[in-house]
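The whole structure should be built from the sequences, with the hints applied where relevant.
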Amino acid sequence: MSNEQLAKDILASVGGEENVSSLAHCATRLRFKLKNRELADKSKTQNITGVITVVESGGQYQVVIGNTVGDVYKDITKISSIDDNIKQDSSAATEGNWFNKAVDIISGIFTPFLGALAASGILKGLLLMLVSLGWLTKTGGVYSIWFAAADSIFYFLPLAIAVTSSRKFGANTFVALAVAGALVYPNIITLYNDKADITFFNIPVVLMSYTSSVIPVIIAVWLLSILEKFLNRVIHDSVKNFITPLICLMVIVPLTLIAVGPIGIYASLGMAKGYTFLYNLSPIVAGVILGAGWQLLVVMGLHWAFVPIMYNNIAVYGYDTMKPLMAPSNFAQAGAALGVLLKTKNPKVRAIAGPAAITGLFGITEPIIYGISIRYKKPFVWAIIGGSIAGAITGAAGSVAIAPGIPGLASLPIFFGTGFAGFVIAIIVAYVFTAITTYLFGFNDSMEKEMIAVHEEKKEAETPAPALTNEKIFSPLTGAVKSLSEISDEVFSTGAMGKGVAIVPEDGKLLSPFNGTIANAFRTGHAIGLVSDGGTEILVHIGMDTVKLKGQHFKTHIAEGDRVTKGQLLVEFNIEEIKALGYDMTTPVIVTNTAQYAEIKVLGSSRVQTGDSLLEVKL
Numbered sequence: 025m026s027n028e029q030l031a032k033d034i035l036a037s038v039g040g041e042e043n044v045s046s047l048a049h050c051a052t053r054l055r056f057k058l059k060n061r062e063l064a065d066k067s068k069t070q071n072i073t074g075v076i077t078v079v080e081s082g083g084q085y086q087v088v089i090g091n092t093v094g095d096v097y098k099d100i101t102k103i104s105s106i107d108d109n110i111k112q113d114s115s116a117a118t119e120g121n122w123f124n125k126a127v128d129i130i131s132g133i134f135t136p137f138l139g140a141l142a143a144s145g146i147l148k149g150l151l152l153m154l155v156s157l158g159w160l161t162k163t164g165g166v167y168s169i170w171f172a173a174a175d176s177i178f179y180f181l182p183l184a185i186a187v188t189s190s191r192k193f194g195a196n197t198f199v200a201l202a203v204a205g206a207l208v209y210p211n212i213i214t215l216y217n218d219k220a221d222i223t224f225f226n227i228p229v230v231l232m233s234y235t236s237s238v239i240p241v242i243i244a245v246w247l248l249s250i251l252e253k254f255l256n257r258v259i260h261d262s263v264k265n266f267i268t269p270l271i272c273l274m275v276i277v278p279l280t281l282i283a284v285g286p287i288g289i290y291a292s293l294g295m296a297k298g299y300t301f302l303y304n305l306s307p308i309v310a311g312v313i314l315g316a317g318w319q320l321l322v323v324m325g326l327h328w329a330f331v332p333i334m335y336n337n338i339a340v341y342g343y344d345t346m347k348p349l350m351a352p353s354n355f356a357q358a359g360a361a362l363g364v365l366l367k368t369k370n371p372k373v374r375a376i377a378g379p380a381a382i383t384g385l386f387g388i389t390e391p392i393i394y395g396i397s398i399r400y401k402k403p404f405v406w407a408i409i410g411g412s413i414a415g416a417i418t419g420a421a422g423s424v425a426i427a428p429g430i431p432g433l434a435s436l437p438i439f440f441g442t443g444f445a446g447f448v449i450a451i452i453v454a455y456v457f458t459a460i461t462t463y464l465f466g467f468n469d470s471m472e473k474e475m476i477a478v479h480e481e482k483k484e485a486e487t488p489a490p491a492l493t494n495e496k497i498f499s500p501l502t503g504a505v506k507s508l509s510e511i512s513d514e515v516f517s518t519g520a521m522g523k524g525v526a527i528v529p530e531d532g533k534l535l536s537p538f539n540g541t542i543a544n545a546f547r548t549g550h551a552i553g554l555v556s557d558g559g560t561e562i563l564v565h566i567g568m569d570t571v572k573l574k575g576q577h578f579k580t581h582i583a584e585g586d587r588v589t590k591g592q593l594l595v596e597f598n599i600e601e602i603k604a605l606g607y608d609m610t611t612p613v614i615v616t617n618t619a620q621y622a623e624i625k626v627l628g629s630s631r632v633q634t635g636d637s638l639l640e641v642k643l
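In the numbering used here, the protein residues as written are 25 to 643.
No lab work stands behind these hints: they were computed from the structure.
The model shown is predicted, which means the values in this text are computed figures rather than measured ones.
There may be inaccurate statements among the hints.
[As the list claims (entries may be wrong)] Calculated pairs, DSBU-like style, for lysine-lysine (alpha carbon to alpha carbon, straight line, at most 30 Å):
(1) K253 - K579
(2) K642 - K68
(3) K496 - K642
(4) K506 - K625
Here is the structure:
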């Protein structure tokens, strides 16, 4: 399956573009923030070829794909306007409990530039190694240029954080950049280095070093987003494009330098010292805990909660001791895959374990975790034990990381320095120990047979769904009939959501096309999902991109779970007002369980009245 088709199928399975508040990706996962979780079909997503599994954590719907995730992400943004709409939907991040909010914000801020940080960190480590070997000197041109390339993103980290934070909080990105730029502006840095005493309207300014800092700019951009939204509400549209940024810069920059920045710096120091205190109590115990627990956190998607600590340690101390404790667990997972590969004679298992054993060495562990470790359980147990032993070794060695990065062979240079030899020993132990124990005690081919048998038993034990029947679907609208291929939105026109037909409505009343139940009722009123008594699942989407109206000009008369009869009024909408705002009123009527039918026939002619025969589904 091509990446583009995979992108279309995933987008359809999560409820379409209009159900996505925001989308980001890390090294292996698409991280969706959905408006209505009920519209996403987890089983359908998991069964898409190319999807490893689906994890729901931190308020996110995470689709695990593997190392092609970046290409799939690009295809999703290419066939949709999701990337353009992220700022509009930033308010969705306010839903859920405080922990989910925190994880969502952290992943949203740090994920986008993780690859650049990892690459820069590897280059930094390589330069350190080359200087130690005497192959380069710090005064040479090669070192100077490569070091500038490696260090720039760390030095100007507040700028990168400003960009991603502005998207997450819904602030103007360029104003956020200006705020962050002021923190690392050469004159401000010079004043700090000279220990100058300055005031702002007689208010003392406590100068700090903000290069490589993390927390101050996040707080500053959050405050910027609040002020910006307030100003946009009270300032006239004719002048707010420049008056709002002007006031924001005049207020937020001095506020950050006077109060927010120092508070953020002290918070950073407090976080770093707090972690260091706990680490120093017993590095070995810390290594056992993190080495054993890290992959469990990855499974739950909660590892992002620790990312700010690692970044902050590097910003404060120039190195981090947390990453070396958890990094060997990746090699333990790779060892588990190798053990299964060496033991199995099942070609299907070998097809999974072979590639996974290789990619695991480069830090891509999800294919191992979901395809092998969790599936057979015992390999996961041995990987946890291997990770804990290796974590204890790195703790005892005092190993450090000088930059962020995905732990794997390619990122070994970021661990060069204190405790590097211990780190190398630890990853070898994790890999070899887990491979041997998995081979001897963690896997045999009978496990796969048992898995298949259990799966078949579950299928037989499941309560059978109501039998589908051949039936006719009646028109819920009055208007002109169009083919789905004529719709501008590819999610509908390509048939990714299912087969059906489109209607250009002439009046503002949507009626029930059959006797059945309301499966999904969008609070915005722009779409309705129904299931007939005969089992046909229908989605009616009133107009294109009308989710952006947020319920304006729509009035819903039903609720999710309601029983409805053919011809019952479901939604009223003001066609003229919606069209006046520039929206296309073409309304798809989709059979979303298309795959369960042999034929879906369009009965409606060029124009239909409500109640006319529109579609016929045949088994």
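For each hint, the structure was consulted:
1. About 28 Å separates the Cα atoms of K253 and K579, which keeps this hinted pair within 30 Å; it holds.
2. Between K642 and K68, the direct Cα distance comes to roughly 22 Å. Compliance with the 30 Å bound is thereby established for this hinted pair.
3. The straight-line distance between the Cα atoms of K496 and K642 is roughly 9 Å, inside the 30 Å bound, and the hint therefore holds.
4. With a C-alpha separation of about 14 Å, the suggested pairing of K506 with K625 holds against the 30 Å cut-off.
Checked against the numbered hints listed earlier, the structure breaks none of them; every hint is satisfied.
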